[in-house]
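Undergrad: Spelled out from the first residue to the last, the chains are:
2 protein chains.
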Amino acid sequence: MFPRNILSNILNKSLMTLNFKKEPETLYEPIEYMFGIGGKHLRPLLCLTSFNLFSDNITDDIVYPALALEIFHEFTLVHDDIMDKSDTRRNQPTVHAKWGDNTAILSGDAMSILAYRYLALCPKDKLQAALKLFTDTAMGVCEGQQKDMDYEDQAFITMDEYMDMVGQKTGVLLACSAAMGAVLAGAGEEKVKGLYEFGYQTGLAFQIADDYLDTFGDQKIFGKPIGGDIANNKKSWLLVECTHRAKTADRKDELNALLALGDDERERKIEAVRQMYIDLGVRESAEEAILECHAKALKALEDAGFDEEQTATMTAFAEQLIHREK
Amino acid sequence: MFPRNILSNILNKSLMTLNFKKEPETLYEPIEYMFGIGGKHLRPLLCLTSFNLFSDNITDDIVYPALALEIFHEFTLVHDDIMDKSDTRRNQPTVHAKWGDNTAILSGDAMSILAYRYLALCPKDKLQAALKLFTDTAMGVCEGQQKDMDYEDQAFITMDEYMDMVGQKTGVLLACSAAMGAVLAGAGEEKVKGLYEFGYQTGLAFQIADDYLDTFGDQKIFGKPIGGDIANNKKSWLLVECTHRAKTADRKDELNALLALGDDERERKIEAVRQMYIDLGVRESAEEAILECHAKALKALEDAGFDEEQTATMTAFAEQLIHREK
Chain A
11 MFPRNILSNI
21 LNKSLMTLNF
31 KKEPETLYEP
41 IEYMFGIGGK
51 HLRPLLCLTS
61 FNLFSDNITD
71 DIVYPALALE
81 IFHEFTLVHD
91 DIMDKSDTRR
101 NQPTVHAKWG
111 DNTAILSGDA
121 MSILAYRYLA
131 LCPKDKLQAA
141 LKLFTDTAMG
151 VCEGQQKDMD
161 YEDQAFITMD
171 EYMDMVGQKT
181 GVLLACSAAM
191 GAVLAGAGEE
201 KVKGLYEFGY
211 QTGLAFQIAD
221 DYLDTFGDQK
231 IFGKPIGGDI
241 ANNKKSWLLV
251 ECTHRAKTAD
261 RKDELNALLA
271 LGDDERERKI
281 EAVRQMYIDL
291 GVRESAEEAI
301 LECHAKALKA
311 LEDAGFDEEQ
321 TATMTAFAEQ
331 LIHREK
Chain B
11 MFPRNILSNI
21 LNKSLMTLNF
31 KKEPETLYEP
41 IEYMFGIGGK
51 HLRPLLCLTS
61 FNLFSDNITD
71 DIVYPALALE
81 IFHEFTLVHD
91 DIMDKSDTRR
101 NQPTVHAKWG
111 DNTAILSGDA
121 MSILAYRYLA
131 LCPKDKLQAA
141 LKLFTDTAMG
151 VCEGQQKDMD
161 YEDQAFITMD
171 EYMDMVGQKT
181 GVLLACSAAM
191 GAVLAGAGEE
201 KVKGLYEFGY
211 QTGLAFQIAD
221 DYLDTFGDQK
231 IFGKPIGGDI
241 ANNKKSWLLV
251 ECTHRAKTAD
261 RKDELNALLA
271 LGDDERERKI
281 EAVRQMYIDL
291 GVRESAEEAI
301 LECHAKALKA
311 LEDAGFDEEQ
321 TATMTAFAEQ
331 LIHREK
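Here the protein sequences line up with chains A and B, keeping their order.
Residues in the first sequence are numbered consecutively from 11, following this note's numbering.
Residues in the second sequence are numbered consecutively from 11, following this note's numbering.
Hint data in this document are derived by calculation from the structure and do not stem from the laboratory.
All values reported here derive from a predicted model rather than from experimental measurement.
Mixed in with the good hints, there may be bad ones.
No distinction is drawn between identical chains; accordingly, a pair holds when it is met within one copy or between any pair of copies.
Only pairs whose alpha carbons sit at most 35 Å apart, straight line, appear in this in silico DSBU-like list of lysine-lysine [claimed, not checked]:
(1) K306 x K32
(2) K32 x K244
(3) K31 x K203
(4) K32 x K257
The whole structure should be built from the sequences, with the hints applied where relevant.
TA: Next comes the structure, spelled out in structure tokens:
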């Protein structure tokens with residue numbers, strides 16, 4: 011098995027070979043821009059790490075399908091940013107803010123097609139399984155995004171609804187990334203399923219950690235203003251849990267009054283809700299929930315019969331994701 | 011070979027098995043709606059007709075990939091209608107007019123994924139070739155749509171630019187449909203290429219015929235108001251050709267004055283431009299251009315060595331497309 015930085019280098023070299031300088035420029039420039047403003051490339055890295063559990067033979071027909079996961083992820087970001095009317099991502103203007111909605115729709119569509127084009131470069135005998143995994147995942151991501159939008163119009167959602175929604179929005183693509191590595195390596199069904207579950211649970215932990223950092227992170231490290239979720243009444247893990255606890259603690263009216271505060275009282279609102287999260291033990295429970303998902307992820311590896319070295323590699327990957335500060 | 015109505019029946023039966031009644035309803039309802047309001051299903055029918063040149067063994071793993079072409083086509087319509095701000099299609103409200111832009115973006119995305127899901131049901135040994143053909147085509151369609159939008163902001167375009175643009179917007183998907191049938195039947199490269207060129211040229215003829223009918227068709231049969239292209243200064247085959255002829259005929263200023271007329275003089279504008287198309291021989295040339303593309307389509311079949319019966323079947327298909335009145 012290769013160390014993480016070797017896999018990362020392989021990935022970065024291949025990323026640089028992707029050529030988006032084609033005609034018409036109006037279509038391809040936004041695609042190049044999205045890749046230019048970076049990203050953590052977690053999904054292809056997870057895919058290669060997973061593949062590398064079974065094989066050291068990391069060739070183009072493995073790396074390009076891994077990159078397809080990144081291209082698909084970037085496509086969803088471009089379209090999500092239109093739908094969510096987000097003007098900034100990674101401290102840069104979003105595609106629709108820079109070029110308008112029409113360009114963002116069409117460049118996003120082109121990115122989704124490019125994802126399939128690179129996936130199609132996988133070994134021929136693995137293609138049908140890889141494509142099925144990929145399309146099932148992509149449908150899940152769409153369903154998750156739709157649920158997210160639907161839930162915006164609801165006063166409350168249950169924790170089950172929250173976990174199901176983020177499972178689809180974030181979980182299934184990390185699950186697919188981990189499982190894809192195993193599929194491309196020709197691993198058996200038990201291993202594929204184990205890595206899928208590992209990726210899914212790690213995705214949940216990752217999302218809860220993201221929600222956590224939005225309220226309790228360090229702005230300098232996190233890269234965006236702290237408290238945005240609270241200010242926007244976003245149904246984060248923290249708010250969903252707090253809504254239920256506030257009822258039991260007879261602080262429901264207080265919470266509702268805080269949520270009704272306008273942008274002119276943004277700082278007071280963030281501070282007060284943050285304090286309620288601490289008072290009601292929501293902060294602590296979030297930390298526990300992250301660890302619980304992480305434990306389930308590791309359990310899935312154990313159940314699938316991975317050996318010590320394989321388990322250590324995947325555990326390190328997951329821990330880097332959930333103990334991050336940005 | 012089966013007669014056309016048999017192929018059409020096979021297709022319609024399989025179309026009815028597509029089940030879009032899934033959760034969340036907000037995502038799937040618009041997809042079901044798009045298929046409910048019909049369409050001519052030309053692309054899957056062309057694919058099956060092409061497949062049937064080589065084999066009578068039309069099974070689900072042929073029909074579902076054929077339907078993928080229709081699903082992809084419907085996806086492009088949903089997104090194009092947002093970009094073009096079109097509120098009506100097939101005499102019904104478009105998806106974005108009925109449910110809003112966000113739903114149209116996301117349901118369109120889901121449809122594009124479904125297209126790959128159904129394509130993936132093709133015979134395993136054909137999948138890589140089928141997927142490459144499909145993604146190359148899909149990229150072409152995106153490029154064509156982008157060029158169409160770019161050209162809207164240009165005062166004039168050349169006939170070469172027009173033909174290239176409609177070749178991508180309409181030609182490549184019909185080309186892909188015809189070629190896909192051959193790929194799925196395991197036909198040789200020469201036959202695949204011949205059918206691709208046949209579909210491409212038929213697509214051009216189809217589009218010029220569409221432009222022609224928009225100005226010279228019978229409204230009752232065509233299904234939408236005649237003259238819409240003229241009223242909107244749309245760069246149709248007729249207008250592109252007329253722009254160049256008007257220059258030679260010293261009627262450029264007259265044409266520009268007509269194009270500058272507002273919606274309050276819609277009828278006068280349509281009538282005057284229509285008359286200029288007749289005066290300058292543009293109408294007649296359009297009829298010739300349609301036949302020229304049709305001839306190229308048939309020549310491609312001849313060059314690829316199709317026999318008499320095969321050629322007759324494809325010729326009948328093409329003629330139905332270009333001699334249509336709607």
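Undergrad: Run every hint past the structure and note whether it holds.
TA: Results for each hint:
In this assembly of identical chains, K306 and K32 lie within 35 Å of each other by CA distance solely across copies; the values are 29 Å between and 45 Å within a copy. Taking the closest pair of Cα atoms, K32 and K244 come within 35 Å of each other only across two copies (26 Å); inside a single copy the shortest separation is 39 Å, beyond that limit. In this homomeric assembly, K31 and K203 come within 35 Å of each other (Cα to Cα) only across copies, at 27 Å, whereas the closest approach inside a single copy is 38 Å. In this assembly of identical chains, K32 and K257 lie within 35 Å of each other by CA distance solely across copies; the values are 33 Å between and 57 Å within a copy.
When held up to the earlier numbered hints, the structure conflicts with none and fits them all.
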